[in-house]
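Peer 1: One letter stands for each residue in the lines below.
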Amino acid sequence: MHRTILLLVALSILMVVAGCNNQEVATAPTSGILADHVDLEEWEMLTPCADCHREETPEIAEEWYASTHGIANVKCYQCHGTYEDMELVPSLDRCAACHEEKIDYSENAVVCWQCHPSHTFTGHK
Amino acid sequence: MVMTRRDFIKKTAALSAASFVGLNLPFAKHVDQAGATDADKWVRGSCRLCGLGCRVELGLKGGKPVAIRGVAKSRTNFGYLCMKGMLFYKVMEHPDRLKMPLYRESKKDAFREISWDEALDIAAKKFADAKKEFGGDSTAYYGSGQALTEETYLFQKVMRGGLQTNNVEGNPRLCMASAVGGYLTSFGADEPIGGYSNIEKSSCIFIIGSNMAEAHPVFFRRVMRRKMDNKDTVKVINADPRVSPTSRIADMHMQFRPGTDLAMLNAMAYVIIEEKLFDKKFISDYAVFKSGKNTVDMDTYFAELGDYTPEKAAVICGGNITGDMIRKAARWFAKSNGTVSCWCMGINQRKRGVWANNLINNLHILTGQLCKPGADSFSLTGQPNACGGVREGGGLCHILPGHRLVKKEKLRNQVESAWGIPAGRIPPKPGYHTMAMFKAVNEGKIKAIWINCTSPAQSLPNVDLYRKGMAREDVFMVCTDIFPTLTTELANLILPTAFHFEKTGVYGCTERRSQITPKCCDAPGEAHAEVWIVREWAKRLARELNDPVIEQCVAPFDGLEEGYDLPKAIWDEYTQKLTKGRDSDLTGATYGVLEQMHDGVQWPAATEEYALTGGTVIKFAREYDPMAESHAKDDKPFQFYGPAHPDKKLWIWSRPYKGADEEPDAEYPFYLSTGRIIDHWHTTSMTGRIPELLRANPYSFVEVNPRDAERMGIKPGDMVELESRRGRVEMPAKVVEGPIEGMVFAYWHDMHEDRMINKVVKDAFDPGSKEPEFKICAVKVRRLSGPKRLTPYVV
Amino acid sequence: MPIGGFVISVDPDIREEIVTMLSEMEGVEVHGSDAKGNIVAVIDTETSEVMDDLVHGLQKDPQILSVGLTYLNAEDEIEKIVSGELRPEIPFGRKKKNRP
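Chains as they are written, first to last, in our numbering: chain X, 1 to 125; chain P, 126 to 920; chain E, 921 to 1020.
Check the hints yourself; a few may be wrong.
[What the hints assert, rightly or not] Facing chain P, from chain X, some residues (calculated, C-beta under 10 Å): (1) H37; (2) V38; (3) M45; (4) I60; (5) G70; (6) I71; (7) A72; (8) Q78; (9) T82; (10) E84; (11) D85; (12) A96; (13) C98; (14) H99; (15) F121; (16) H124.
No lab work stands behind these hints: they were computed from the structure.
By construction, the Cβ of each residue, glycine as well, lies at the ideal position given by its N, Cα and C atoms.
Kindly produce the complete structure, drawing on both the sequences and the hints.
Peer 2: Structure follows, in structure tokens:
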């Protein structure tokens, strides 16, 4: 790997000089979290997440319900998305819709749930 | 999100590495978003999915909306958004958007696309023919608390000044007319004295007839924070026949039998007087007692309250209400350092909605819980511009712009003079109120009706009755909208309009605050802003009727570009000519000022300099309200200068208890109440087209009390029939400790014929405010079957 | 000032130790790791040469199994080179010869 980086930079120069653009932005990996979810038919997808998850993941459901998000009716899909765009670990932009300032503040540090317990988000870990 | 280019590259680098090993990094989407919005712009405006006026920034990429975020510096929402607010921009690019005018001669025919020229000619000819043959009152406009102020103002100007009819109404009649009546009769002036910021200073919050956790989530967040950050010092009371998500933060839930709130509120007043919890000085300085047409003294008022001792009221109220509970609530209310009452449809949509409003206002006047930080009698509004456009802009049959009554000649003349039209041009008789208007449609008295930005074919009570009228062949109906609705299905002519952020204009939210939303992207197809549509229609109307006065109504706006210049000119005319000196003075709230504000301006705001401070936080208090200073008649700190009370006093009303128009009986033994859910807005023509929101609540369901459910053998998910004297629906049951025993509660958003609850609801209305009693009627409840597979339905 | 994304593979048993070590190195940010011993890191250095040396150093560490480059962005360095502001020491054996 020695000198690889310099070589790559050199190649990039050639490409830029040749008028090419190597601005390739890697995209996020698809999370595929629904692969682990039980199969649902279309009509079953019209069930609020919490209806099943109160049974399936009772601790999480309870943590959420008792949290300020739970009291304020910020439901599962607001952070985790729905079937087309579901994320096990929500992306920060979903938090940013409301908590943009806090995210700016922690820009160089970490994600919200590194300090605030997920699903509760009250106090610090 | 401020992300530097280097931060962005770093995150992209990390993501690339993570993708090689299948690691899911938390900021994946965020980087994509930052990347997506890197080179693009954010435009500040308002959310349009409730009356709060949350400020948002719409993110654009290549002129297309791609993201939304809250404005942290806005005093309405401090950056927070609810789910509807986070997602509403997604409807803008929806394939169902109406893009071309559609027309059919007969309502039996299919629609065909036509040109704007043809469409406007047809609309002008039909309205002109109706006026020529049957007079101006055979035409009508039915608008919306979601229309921009500029739109409502211009529509009513053409109807009144042009077609010479006061048949100008809108859906706010269905939601806050009783609050208007309450404020005018209690305080002498419409709209709340204070605003949202009182919550952060309050120590008692009295919520009645409002499920704010779902209907106003971002406001609820403030109430929740106030309670949770001050658990021991702030008391929250929720009074509602139904235990709702709002009850979760309450210290006390007062669950009374539907329709008995008047008795309960009178009993609280009784305790306040009996236990001497009233503010004697405040009352003697600022208030008088009224009983019927008479001014009475406190003793007479108290004697009239004799039927409502807490113990007697508890018997009327039923549920969990006891005399002690009422006493406790009254003490918390009266003794706190600051009490804010919040109510919404539960109080307004009642046969005696105005009285219920009066009785809440009474408690504040008696205790002096008014005009100071942390104390207010605060009516929440459902729609983003019910206050700004309809209440202030002249959008109801009895009012002209600037809080002027139609029936006062002097005020009519002021408007005529501002418009440069002959005195006497505006008819002196108020037009049809909403229920009378649709009754007149049924009777064929209205020949041409324009429905803008609302869907009465779903939202009226006892809706089947009124759909018959709208379906009549001899009623020409124009709809302006962005999507097909159940109402456009009954129209002859559908005109596609620009959506929010596709046109410029002002919304006035619940707390007297006007906020601008600018145009930042183009409407799809050939959709136009309503202000352009009205102007072009009025010009043709003038030709058809050969009436230069109609031309005069839109002449000041001729030729102006529709995206910005036209609404600006309309706003200038309205604010500079018609609000100047009125209690809703918006002279200082010019486009230039509004564009500078993160949020907006609370009226009265007579100068630009003052408007730039944000305007008047507390009306009538000299410390906060310059108009209280300029209208001062003595040296007292509060000056109640409202236009409706010649004595400039607050009025404490003696109002007897009256129940609902239709109470349960042997044949229809259940109370039915209806309401909203957090994921949906009104008739779902918008939220039903956003997959996340539709999925969260794909169809209406009916909440049944567990004890009632057990008695009737109803299990969760079972299909249940609700039948009233007017109609029937069937919907899945939710067995929940929500509604009081003997009451069922249904969501009203569903468009499906089988589940449209307004077919069942009664169209009785308040004799004062003319607002219908959506909240109470009597039904039979019957289990039909076990759970059934249902299909969501959007027109 | 190039920025590179790397996957650094180590024995899963010593993953946390290496994460700590990497986190303490100047210019290195650890963004995540998994149970298999893959560590996602971003390296941000003043010049390509510094990055090259740093990566070379890591590769020589006996505890590190491999260092894989997945993404490289050196746009500002390239801009400077193209504009003539920076003359890189490019690894084609002409280093000394071309140096003024």
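Peer 1: A separate judgement is required for each hint: does it hold in the structure or not?
Peer 2: The hints, checked one at a time:
no.	hint	result
1	H37	14 Å, violated
2	V38	17 Å, violated
3	M45	6 Å, holds
4	I60	17 Å, violated
5	G70	8 Å, holds
6	I71	5 Å, holds
7	A72	5 Å, holds
8	Q78	5 Å, holds
9	T82	5 Å, holds
10	E84	7 Å, holds
11	D85	8 Å, holds
12	A96	5 Å, holds
13	C98	5 Å, holds
14	H99	7 Å, holds
15	F121	13 Å, violated
16	H124	17 Å, violated
The earlier numbered hints that this structure contradicts are 1, 2, 4, 15, 16.
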